[in-house]
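Enquirer: Here is what each chain is made of, one letter per residue.
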Amino acid sequence: MKKDIFKIAGKTLKSRLIVGTGKYKNFSETAKAVSASGADMVTVAVRRINILDKKKPILTDYLNPKKIIFLPNTAGCFNSEEALRTLRLAREMGGWKLVKLEVLGDKKTLYPDMIETIKSTKILVKEGFKVMVYCTDDPLLAKKLEDNGASAIMPLASPIGSGLGIQNITNISLIIKQSKVPVIIDAGIGTASDAIIAMELGCDGVLINSAIANAKKPVLMAKAFRDAVISGRNSYLAGRMEKKYFGTPSSPTKGLI
Amino acid sequence: MAKIQLNGKNILVKTNYSIFDLLKKYNLSNKKVAIEHNGIIIQKTDYKKKFLKNNDKIEVVTFIGGG
Numbered sequence: 000m001k002k003d004i005f006k007i008a009g010k011t012l013k014s015r016l017i018v019g020t021g022k023y024k025n026f027s028e029t030a031k032a033v034s035a036s037g038a039d040m041v042t043v044a045v046r047r048i049n050i051l052d053k054k055k056p057i058l059t060d061y062l063n064p065k066k067i068i069f070l071p072n073t074a075g076c077f078n079s080e081e082a083l084r085t086l087r088l089a090r091e092m093g094g095w096k097l098v099k100l101e102v103l104g105d106k107k108t109l110y111p112d113m114i115e116t117i118k119s120t121k122i123l124v125k126e127g128f129k130v131m132v133y134c135t136d137d138p139l140l141a142k143k144l145e146d147n148g149a150s151a152i153m154p155l156a157s158p159i160g161s162g163l164g165i166q167n168i169t170n171i172s173l174i175i176k177q178s179k180v181p182v183i184i185d186a187g188i189g190t191a192s193d194a195i196i197a198m199e200l201g202c203d204g205v206l207i208n209s210a211i212a213n214a215k216k217p218v219l220m221a222k223a224f225r226d227a228v229i230s231g232r233n234s235y236l237a238g239r240m241e242k243k244y245f246g247t248p249s250s251p252t253k254g255l256i
Numbered sequence: 000m001a002k003i004q005l006n007g008k009n010i011l012v013k014t015n016y017s018i019f020d021l022l023k024k025y026n027l028s029n030k031k032v033a034i035e036h037n038g039i040i041i042q043k044t045d046y047k048k049k050f051l052k053n054n055d056k057i058e059v060v061t062f063i064g065g066g
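Protein chains in written order, with numbering that gives the first Met the number 0: chain A, 0 to 256; chain B, 0 to 66.
Read the hints as simulated data drawn from the structure, not as lab findings. Built from N, CA and C at the ideal position, the CB exists for glycine as well. Treat the hints with care, since some could be wrong.
[Said to hold, decoys possible] Facing chain A, according to a computed beta carbon distance under 10 Å, are these residues of chain B, among others:
no., residue
1, ALA1
2, ASN26
3, GLU35
4, GLY66
[As the list claims (entries may be wrong)] Partial list, derived from the structure: chain A residues whose beta carbon lies under 8 Å from chain B:
no., residue
5, GLY19
6, ILE50
7, LYS53
8, ASN72
9, LEU83
10, ARG87
All chains, full assembly: derive it from the sequences and hints.
Expert: Pasting the structure below:
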């Protein structure tokens, strides 16, 4: 059997689970959950440093960017200029070219503004960035992102932090079928079984933050997601049985007494 | 002295004060940060060469937890 390798922009990842590092109780819990998740890539945000409290710990005191891949994101950016500014700063900070672009369009649903997203993708690709793009589950727009050089397509399952799971399985399946770059479900996954569904559909990976950080026991949930993603991928590769309308006996009928 | 804005706060710095000096003062020299000087990103190799003037705006950013 061919080895199942997960590659984004030429980078090989051991785990198909990418985790966010927001919303945790403290940095220690973040680090424990990241470790339990088995993820080798984490998303991080870029913000002003606290200059008044010199002793306050920062994320990099707990997660070592030399040991785990930092994927800087543009969370909280509502237009192309803000997103570009953030990622250029991120690149200066760590030299990272692989980034996650997220341009939001609506404060209530946190739905991405796809016009600004496509505009930003084009500019970032031109500047040499490898861009993983958070997007709606519209197959046409996903294709446009790929045509404009996106390194990965990251459609939402449902709104960020909603935990509603995959709301449009048909669209996600269409995006998977048409894409030549990895498709990673980003946003909206609520629990481990949602991740299994995503992986069984043929997604290349999933990105989870709230479902782990907001669980009652985040570290245990991180482990649940680690196993779910492996299980879902194996199930996808194994190829499920056909669905039938009627019963088929599991035991031979020949030799019945 | 020069009056500058650091991450939105007004502070006073000595004349001939560089970005390198500023980072040292706030214990940020060894932290993973990026600097914007009046909207322009400053490369690490230029920290010692960039001196602060009156009304300069400095942004010091780092990575925080995010999804």
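Enquirer: Output the indices of the hints that this structure fails to meet, ascending.
Expert: Of the numbered hints, 1 and 9 do not hold.
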